[in-house]
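Just need the whole structure built from these sequences, with the hints factored in.
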Amino acid sequence: MNQSFLDVLWLARMQILQGLGMTLLISALAIVVGTFVGVFVGLALTYGATPLRWLARIYTDFIRGTPVLVLILASYYILGTVGVHLDAFQAGVLALAVFCSSHIGEIVRGALQTIHRGQTEAAKAIGLTFSQTFLYVLMPQAARQAMPSWVNTAAEIVKASTLLSVIGVAELLLTNQQIIARTFMSLPFYFSCGFLYFLINFGIERFGKYVERRLAISTN
Amino acid sequence: MGYTLNFAVVWRNFDLLLGGLGLSLGLAFVSIVIGIAIGLFTAFLLNAKRSIAHGAAVVYVAAIRNTPILILILFTYFALPQMGVRLDKLQSFIFTMAIYAGAYLAEVFRGALLGVPKGLREAGLAIGLTELQIKKSITIPIMVRNALPALSSTFISLFKDTSLAATIAVPELTFYARKINNESFRVIETWSVTCLIYVATCVVLAALLRLLERRMAIPR
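So the protein lines, in turn, are chains G and X. Okay, so the first sequence: first residue is 16 according to the numbering used here, each after it adds one. Okay, so the second sequence: first residue is 25 according to the numbering used here, each after it adds one.
Errors might be hidden in some of the hints.
[Stated by the list, open to error] To give an idea of the interface, some chain X residues facing chain G are shown, with a C-beta separation under 8 Å as derived from the structure:
#1 Asn90
#2 Thr91
#3 Asp185
#4 Thr198
#5 Thr218
Simulated from the structure, these hints should not be mistaken for laboratory data. Glycine is no exception: its CB is placed at the ideal position from the N, C-alpha and C atoms.
Written as structure tokens, this is what we have:
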């Protein structure tokens, strides 16, 4: 019975790795979908016609005013009731993606607003369509502007993915909780679990800094 | 769709939800007050010369900011008792939130401190104020004004994070929402009302804080 932490950790290694994989999968899906949707939300917020802009504004404000945990619980319980049958994983990823998209929407709006109006007008003057203007004029600049906040949001999503443990998705935190329930070693396992998240987020932050440096327009 | 909306259960339990909201606000408020003290102290350390205390402050901020808040909450509540630190639900939650807010506010205050013009400090020295007097009547008042917008948004996100207290059964808003949901199966009604309460509170808080910002702004 007198197992040490390292023995238990070694025995549970596959379970923890699976949880880690799940966490990475959830986060990656939520970030990719959220970014994709968020770019359109941001465009609607900045260049949309009035009704569309209002719709986007209500969407972002509503999502940003609700705690992620409530979003996850609501998505898990409500969608099943209205006949959209998603399992916990799908409902959780959906909630995180929605959460992510509202934040990205605001970031994109902020980034687009820093680009001078004259540039869109110039693009129009040389006959670019809006999608061409976006692709060749706005996006390259906005992406650089938005990069730091985007990385922050990505780290935020990884941290928020722990909340999926509440609806029973076996991600990193829940697998650790299962091990703790079996072994009562709450101190080392919560600690090591927190440390893994730290490593992931620290990695994301470093990677973001690296990309930022690569993307920077040299000013010499 | 065989589901008819019936808000009766939610209205009958509305005072529970409001009581929960009160506790949420109280938790957020107490946490931010302690967090401000921690953040202020840490910010001065972050801006100080390299020393052991400076290093400790850097590690504290990086560790807390890169770890999911849910793990921190569970760690304090379930793992710390193994080291002999026994806190009840409320104490452990407030403790965690204060530490968490402290790390975020430290960064906020650090930035705000850098925004205090150097000349003012030198002017203080020139008229013979002591270091402590300069901090008290020059640096901190200006810094707090610089930090106010970021402080407001930290407070609002802290308020939203109080929903996590539901996971350790602190009876706040999300806890009661889950309880009503589980007892009545009025899924859509419960969660939509809960979301709206959160959003409305955030909107009101944001408006109040903006008012405070305007009142405290340095007249130009």
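The hints, checked one at a time:
1. Annotation: Asn90/X was flagged as interfacial toward chain G, and the flag holds, the nearest CB pair being 4 Å apart, inside 8 Å.
2. Taking 8 Å as the C-beta cut-off, the interface hint given for Thr91/X holds, the closest approach to chain G being about 5 Å.
3. Nearest Cβ of chain G to the Cβ of Asp185/X: about 7 Å, under the 8 Å cut. The hint holds.
4. The criterion of a C-beta within 8 Å of any C-beta in chain G is met by Thr198/X, whose closest approach is roughly 6 Å, and the hint holds.
5. With a least beta-carbon distance of about 6 Å to chain G, the hint placing Thr218/X at the interface is held under the 8 Å criterion.
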